[in-house]
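Its first residue numbered 1, the sequence shown is counted upward by one per residue in the UniProt record's numbering.
Check before you lean on any hint, since a few could be wrong.
Quick list of the computed label-pair ranges, beta carbon to beta carbon [what the hints assert, rightly or not]: (1) S252 <-> A179: 26 to 34 Å; (2) P167 <-> Q211: 17 to 25 Å; (3) S192 <-> S279: 27 to 35 Å.
Note that these hints are calculated values from the structure, not bench results. Predicted model only: the values in this text are computed from it and were never measured. Ideal placement from N, C-alpha and C gives every residue a C-beta, glycine not left out.
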Amino acid sequence: MFPPFRVPEPSCALPHALTSPHPWPHATPTGGGCRPATCRVVSKRSNEETSVNRSRLPRLAAVICASTGAVVLALPATADAAQVSRHHHSTSFAGGVWGGYVAQGSGFQSISGSWTMPQVTCNSSNDLFAPWVGIDGYGSQTVEQTGVQVDCSSGSPVLSPWYEMYPAAPVYWNDAVSAGDSMTGSVTTDGSGTYTLTLTDNTAGWTENTQQQLDAQDVSAEAVIESPSGSYPSFNELDFSGVTVNGQSFDSFSPQAIDSGQYTETALNGGSFAIVPASGGGGAAATHAKGTRPSAIHY
Numbered sequence: 001m002f003p004p005f006r007v008p009e010p011s012c013a014l015p016h017a018l019t020s021p022h023p024w025p026h027a028t029p030t031g032g033g034c035r036p037a038t039c040r041v042v043s044k045r046s047n048e049e050t051s052v053n054r055s056r057l058p059r060l061a062a063v064i065c066a067s068t069g070a071v072v073l074a075l076p077a078t079a080d081a082a083q084v085s086r087h088h089h090s091t092s093f094a095g096g097v098w099g100g101y102v103a104q105g106s107g108f109q110s111i112s113g114s115w116t117m118p119q120v121t122c123n124s125s126n127d128l129f130a131p132w133v134g135i136d137g138y139g140s141q142t143v144e145q146t147g148v149q150v151d152c153s154s155g156s157p158v159l160s161p162w163y164e165m166y167p168a169a170p171v172y173w174n175d176a177v178s179a180g181d182s183m184t185g186s187v188t189t190d191g192s193g194t195y196t197l198t199l200t201d202n203t204a205g206w207t208e209n210t211q212q213q214l215d216a217q218d219v220s221a222e223a224v225i226e227s228p229s230g231s232y233p234s235f236n237e238l239d240f241s242g243v244t245v246n247g248q249s250f251d252s253f254s255p256q257a258i259d260s261g262q263y264t265e266t267a268l269n270g271g272s273f274a275i276v277p278a279s280g281g282g283g284a285a286a287t288h289a290k291g292t293r294p295s296a297i298h299y
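Use the sequences and the hints to build the structure in full.
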């Protein structure tokens, strides 16, 4: 276990603009920071990406300051990306805004996994979370990720598919996602800074993909849920399945378990696990405790 530390408070405000979407926010490497004032959306009709001021976009709350998992402990990248240095961990940590499993090392070239979107009950307009798969973000200052955001700022859950090449702004795809949909996400890289991010709604029958460039380290791979606001809505279970890293079963990399505080993960079985309430039902579990997490991570 890593020793706990006290989390620095962000120095910027959290505006409440219930008619505009927030970005999918991450903390700066120094712990707490603001995102750019724009995010991007993809037009389904023209397939063009457009930078838009957040106040002009519908739905989702504007959350400018971050409280998620950017990491300050930089692990060295290797010249041979095909060789993965596996860090074996038998411990887990709790109280963060991530929940699920993270593999650490170097040379991570791909992650793929499926999950089923749960039926969500909003308890607060601050409730916000997303299941996603990605590379980096734990041991690096970039994240290459794709998933589905569930936002409760309107009082009801709004589901939005997205990808992000952090520190760039997130991009939302204009496709419908519903509770119960089976999703498959993947992130792959050629090891030279080119990333392909793909998200498929197996139930609705659509697929989105994009190719992006980023100077990243490829030092972690994760299948997790995340709540930038630290406030999860209620759901009974979210199942990940078929998670592979570099074409191999996820558990062959001995990934580290992460508890979000409100939710915990079942034992990893090959590439499958479930996210369930940490105690009781419907997410009414332990209060999100920002003081208990590895000293490597700042929010």
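Comparing the hints with the structure gives:
{"no.": "1", "hint": "S252 <-> A179: 26 to 34 Å", "result": "holds, 32 Å"}
{"no.": "2", "hint": "P167 <-> Q211: 17 to 25 Å", "result": "holds, 18 Å"}
{"no.": "3", "hint": "S192 <-> S279: 27 to 35 Å", "result": "violated, 45 Å"}
The structure fails hint 3 only (numbered hints given earlier).
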